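K.L.:
Chains as they are written, first to last, in my numbering: chain A, 4 to 308; chain B, 29 to 355.
The hints are simulated quantities; they were obtained by calculation from the structure and are not laboratory data.
Careful: at least some of the hints might be erroneous.
Unchecked claim - Heads up, simulated BS3-like pairs for lysine-lysine below, C-alpha to C-alpha not over 27 angstroms straight-line:
#1 A:LYS247 <-> B:LYS48
#2 B:LYS158 <-> A:LYS205
#3 B:LYS48 <-> A:LYS186
#4 B:LYS52 <-> A:LYS118
Note that this is a predicted model, so its numbers are computed, not measured.
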Amino acid sequence: MTSKEKSGQSLNQIKTSTNIVFNVVFLILAVLCVIPLLFVFSISITDEEAIRANGYQLIPQALSSSAYNFLWNERMTILRAAFMSVLVTVVGTIISIALNTSMGYVVSRRNFKLKTIYTWLIFIPMVFNGGMLASYVVVNNILGLNNSIWALILPLACSAFSVTICRTFFRTTVPDSIIESAKIDGAGQFRIWSQIVLPISKPVMATIGMFAAFGYWNDWFQASLYIQDTKKQTLQSLLNNMQKNIEYIANNPYGGLSLQQYKLSMPTESVRMAIAIVIIVPIACTYPFFQKYFISGLTIGSVKE
Amino acid sequence: MEMKKTLAGGKTPSVKPRKKRWSKDDTELFLLSLPTLLWFLIFSYLPMFGIIIAFKVYKLSPGGHGFIYNLLHSEWAGIGNFKYFFTSNSFSMLLRNTILYNIAFIIISASVAVGGALMLSNMRNKRGSKVYQTMMFLPYFMSWVVISYFVYALLTPERGYVNGIIRAMGGEGIMWYQEPKYWPFIIIFLNTWKGMGYGMVLYLASITGIDPSLYEAAVMDGATKAQQARHITLPAIKPVFIMMLILDCGKIFNSDFGLFFQVTGQLPASLYTTASTFDTFIYMSIQSSSPIGQTAAASFFQAICSCGTILLANWVVSKLDNENRII
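Looking at chain B on its own, in the form it has when it is part of the complex (with noise of 0.2 angstroms):
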């Protein structure tokens, strides 16, 4: 690729030797990218070596040394953590709770960003549609412990404002944090409601900038409405939905910790099994006392996972539609 476009410009391969030798440039280059070379190596590749602690159990060495020399003389484990974790109770809930959320939330917020894209798109009044992005856009920026307030105050039974309206109109109050029944949909809701602006603005974003001839010839033609999103707008935005497919696809095993953890307010047994994902499962287990390589164990089975999807998504897209694939 690089190649061709070189020569495509011409003169430069005959002046330049094929194999270029080490120049001041490339040290500056280096120097320049050091800092963000070794953060890197540090917070992103030295992680990866993270997956010994997975296969060894961690024991504290006599005479307290560091973390990486209790580790290296810890025994080797084998495939034992995995076993432990395969077959506890949670490992099937944690599968089924992360897969089936994630599998919601791509349908309902894609149909969502590009229906509302589409709306937006043809609203006549540009300024009150300007309006409507920005305030959509708000729970965006909102952490999801000030959403967990929020939520609160809708939904603590004695004093919140649901249960106010239903007592108003007669009914009797919902115990809300101890009711698993309603958390699905309460979850899929907020996560709909947090993302929607950000989907809607980006996908706007690619339908604002398709040539407006294309519409005026269909117009000319006698297209409708209906038949110029189909015919036009959709296969226009194909691109950018494919990319956020994918990457989404890439996040199947991983969930939003906040909105599992902080929203139902701090996980109660409760909803254990409504609202574990694999996330508030380590978490958890690190803050407690478990074995450190049973939770390793867990978290490089979601990684392992995490990439895999990413890159059959990847795949099948790419025998799908070439043109698209991200990778």
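The shape of chain A in the complex, shown without the other chains (with noise of 0.2 angstroms):
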């Protein structure tokens, strides 16, 4: 920064005390948004006669490993759902981004004979849906798909959004001539696609994949609608219905169970808030770096033609 810049800036600053409420502001706000990470982590290694007698505590008074440890004899159950979800995450994210930047592609080109409809194709989703039940109908009656990872995976892989981000981005950055010239040596629109366009599009993928990826990885309503085999749930599912079973039986005492069952059934509060961990902790770990590829897509996304 040159000093010119830098006087420059001085002039036009905020006053210091006003920055130091600012600074004051925010640090609260972006305390309230993390702290709950940090009580649920806390009652995760909270021993669990302590949360009996004193309730939840931010500093536990007993320490123990018991929640990660039964997670760990229950590894069988854990790991099981976690590779639901890796699969489901991986494949997911594949299909998504290979359906969205290749239909992005198709519509970005301005020669394509049938490119008014498919403008049109792309723009009524948009604004009409057939509503939550239809869909229902449609992934469980008409394709079937009850109990399969398939619908988990189709029915969130494209979207006429992130299709619009595509074309957009391959608009106004990928150049024509490139692609003229690719058609001149006899490449073929696919090989067009996948070898020149795919490779200098790295940014686009990026923010397609990211939103797939978070999307599928938090994803719990699909398979609490498509999923009822216990042996294909993924790690979101695994917590809702620990949650299910207890409200189920909070709002039944009598549901059939004895106190025996019901103890045995029922997961330590302590187990529940650690598989929750088990869930944060990868998108805790992963999401400062690809934040830019979110704001990046949202302001590609934004850009009219």
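Assembling the complex is the task here: the two chains are given apart, and the hints tell you how they should meet.
P.N.:
Right, dumping it as structure tokens:
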């Protein structure tokens, strides 16, 4: 930074006192956003007896790794759910990138004969959809994907929004001359897309991929609609089902369970919080690195032609 | 628009005939787009025919046929399903909840996001601002199931942190999940909390895109910070603001299902009239054994209203300020 810029900036800076106030405000907001994680983590490492005696405490009186030991002993269930989550996320993200970028590329070609039809085809779902029930009927009754991992992957694989982001990106950053010269060299459109356009479009692939990956990892709604088989549940649906069972038993205290069964079927609170931690940690560790792609995607998406 | 560009480009129109014939290129592009095309037809367009369900009394035909067969052979209900839905006790409650929550969400989230972005852009310590942004972005990446665990840790009556604090100060613990009066605030707070990082960063991105010379000129003319914000920053972020507003208006009949269903603890009876929305109603109907036609009527009503509001919002914006419409 040159000295001129520096002095120009200091001319137009906010007062020190205002700066301090701003910092305090954002410090409070930022802590507010992160602290629930600490709550959950501290419950997961608190001794069950201490919870019973004192309730949850931010600084546990008695530490215990029993929740994580429990997860380790139940690692088959946890690992299977984690494997499902990873599988759905990885396969889904790859499919999602392929579907969105191919369509985005096709509608970005100005000479394509069906361009107008395609533009409408992509636009209409942005303003009108058949609703939750109709989608459920399509996936469940017509495609018969109940209890299949494709029911978790396919409905979220593509969106008009992502296709539009891709189209705008290809229009604005991939020079037509590259594509024309590849065509002259005899490359077909599939080859142009896969070997020329995609390799120079990493930012938009990262954006689409990140939206898809976080969407799949965080999805519990599709799972709660379509997956009943406990062997096929993801981490999110594992957590969701535990919560459901607990509400069910709380609402139906005599729901056919003896106290003994109740205790056995009910994971302790530290265990449930520990599973939440297992879900959160991969996200919390990765999102700071991918944050910029979210923002670039949003700004690309809002560029009008 | 397209035509104009080619004409401005010059030679191309004279070389190419106006009506281009179907070429090998078109075939290749069509094949490349085929998988996505099928996806759109199955997952976006096929559900649109779900409209029919709303006008039928769905019955299982004897003989174990598929869903479509049964549907086509069910009797027409006319507008009976809609009538049932509109006259049911839930309808006005659902309409009120869905719309009022959304209006509160739009106003509060937009003010927090714009205000926050203005403050962040003026902060002197840029690195601190980056750290705050990253921290505030975290809730955006959490699913509602995970957030419902956060809320549970805070609010569960016997052990929760909040009641712990209340008791420590000599008060009496509150049965949070039984008390509807607190939930509008909790729901609005959580919605703001989850989205604020995203909103601020979105507006901040468009603020950083503003030409710095505008501010330099303003300083030369003796403009204060507040005047700069009013006359430079706010007009510059107006397009993004209006785009977000139109999109939010399109969602005014929809609700974030997870927020209303998961966070309240599967929507217990005590909170039913406070936190029910169209989405929770439809979901609970799918899970229960209520007639599919009536559920479809509710779902269809919601979809039509969403479509109507987004077009209306866009129309209003186009009348006020044609530059900023999105469609």
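K.L.:
Would you mind marking each hint as holding or not holding in the structure?
P.N.:
These are the hints, each one checked on the structure:
no. : hint                  : verdict
1   : A:LYS247 <-> B:LYS48  : violated, 59 angstroms
2   : B:LYS158 <-> A:LYS205 : holds, 24 angstroms
3   : B:LYS48 <-> A:LYS186  : holds, 18 angstroms
4   : B:LYS52 <-> A:LYS118  : holds, 15 angstroms
Of the numbered hints given earlier, the model fails hint 1 alone.
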